[in-house]
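Please model the complete structure; the sequences and the hints are all you need to start from.
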Amino acid sequence: MSKNPPKIKSIALVYHPRNNSAQVEAGQIRVLLEQAKAAVFTARTDSEDLARRLAAGEFDAVLALGGDGTMLRAGHLAAPLGIPVLGVNLGSFGFLMQLTRTDWKETLPRLFTGEYKIENRMMLQAEHWRDKKQLGSYQVINDAVVCRGTTVRPIRIHARVDGYSLASYVADGLIAATPTGSTAYALAVGGPILPPELRNILIVPVAPHLSMDQAVVLPAGASVEITAISDHPAVMSVDGHAPVTLKNEDVVRVKASEFGFKFIVFQDPGYFYRNLRNYMEQNPSIGAKE
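Residue numbers (our numbering): 124 to 413.
One or more hints might be untrue.
[Unchecked claim] Restricting the straight-line Cα-Cα distance to at most 27 Å, the calculated cross-link-like pairs of lysine-lysine (DSS-like) are:
1. Lys160 to Lys130
2. Lys132 to Lys256
3. Lys255 to Lys370
4. Lys132 to Lys228
5. Lys160 to Lys240
6. Lys130 to Lys240
7. Lys255 to Lys378
Hints in this document: simulated from the structure, not taken from any laboratory. These numbers come from a predicted model, not from an experiment.
Right, dumping it as structure tokens:
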């Protein structure tokens with residue numbers, strides 16, 4: 124964790140294109156940021172102008188308004204460029220978000236005095252291979268998932284680590300997750316929770332049938348090959364994005380990325396466990412109430 128982060132002078136303020144309340148909140152936050160003499164650019168996460176200006180190095184930080192999906196979209200834009208990201212939760216869950224509607228006014232000014240820290244979180248790189256030809260490469264903040272498509276039948280999946288066989292599964296899918304992603308889909312299917320500062324690759328099967336059902340935690344230096352074997356459609360999805368169709372015996376290779384996700388935090392190191400406890404006791408995505 125960075126102890127002496129730079130003071131922020133320019134900010135890209137981004138929001139989900141279909142979140143009207145986030146657009147309204149963005150206007151209010153912009154006023155506060157400009158009162159602090161920050162240069163502010165406001166845009167939807169799908170803005171081509173946003174991507175271009177980020178790549179040009181115009182911003183010191185990205186401020187994402189919405190839920191975890193918005194944070195992931197912002198992270199995919201900012202992480203390869205080394206730009207830190209801060210989230211304000213306007214969605215239902217917001218596990219990745221640091222601030223809420225009720226505390227951003229008092230907390231955001233600390234960006235301009237250097238009273239924050241940066242967590243350098245591990246990312247993965249997932250590659251799609253077919254017949255020794257690479258068809259795609261993707262940066263991963265949460266997880267890469269190889270799973271069945273629309274046909275409701277399990278697929279066969281073979282996993283290798285550093286060239287050696289790890290396990291064969293008959294399952295709905297197999298997840299390769301970062302420690303950040305251990306609290307997402309991997310947690311939903313029974314995987315362990317890893318503190319975000321760790322550097323590990325988590326492998327978790329989804330609904331295995333008479334197959335190994337334990338999760339496996341690998342070191343960051345491991346290289347994982349996931350082969351989908353199926354006579355019906357299988358897919359790969361990265362961080363919940365649109366699925367990529369896999370043909371029989373396509374391979375998804377996963378390893379630690381050269382990039383990291385710079386995550387702005389204001390709270391003490393125990394914030395992760397406090398957030399975890401709150402979410403384990405009450406899942407806001409299903410409308411639970413205290």
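Results of checking the hints against the structure:
1. Restraint check for Lys160 and Lys130: satisfied, since their Cα atoms lie roughly 12 Å apart, inside the 27 Å limit.
2. For the given pair, Lys132 sits about 44 Å from Lys256 by alpha-carbon distance, which is inconsistent with the 27 Å threshold.
3. The suggested pairing of Lys255 with Lys370 holds, with an alpha-carbon distance near 13 Å, which does not exceed 27 Å.
4. Straight-line distance between C-alpha atoms of Lys132 and Lys228 comes to about 17 Å, which keeps the hinted pair within the 27 Å bound.
5. A C-alpha spacing of about 21 Å is found between Lys160 and Lys240, which places the hinted pair at or below 27 Å, so the restraint holds.
6. Proposed proximity of Lys130 and Lys240 is supported: the alpha carbons are some 11 Å apart, at most 27 Å.
7. Pair hint Lys255 plus Lys378 holds up; C-alpha atoms about 17 Å apart against a cutoff of 27 Å.
The structure shown violates just one earlier hint, number 2.
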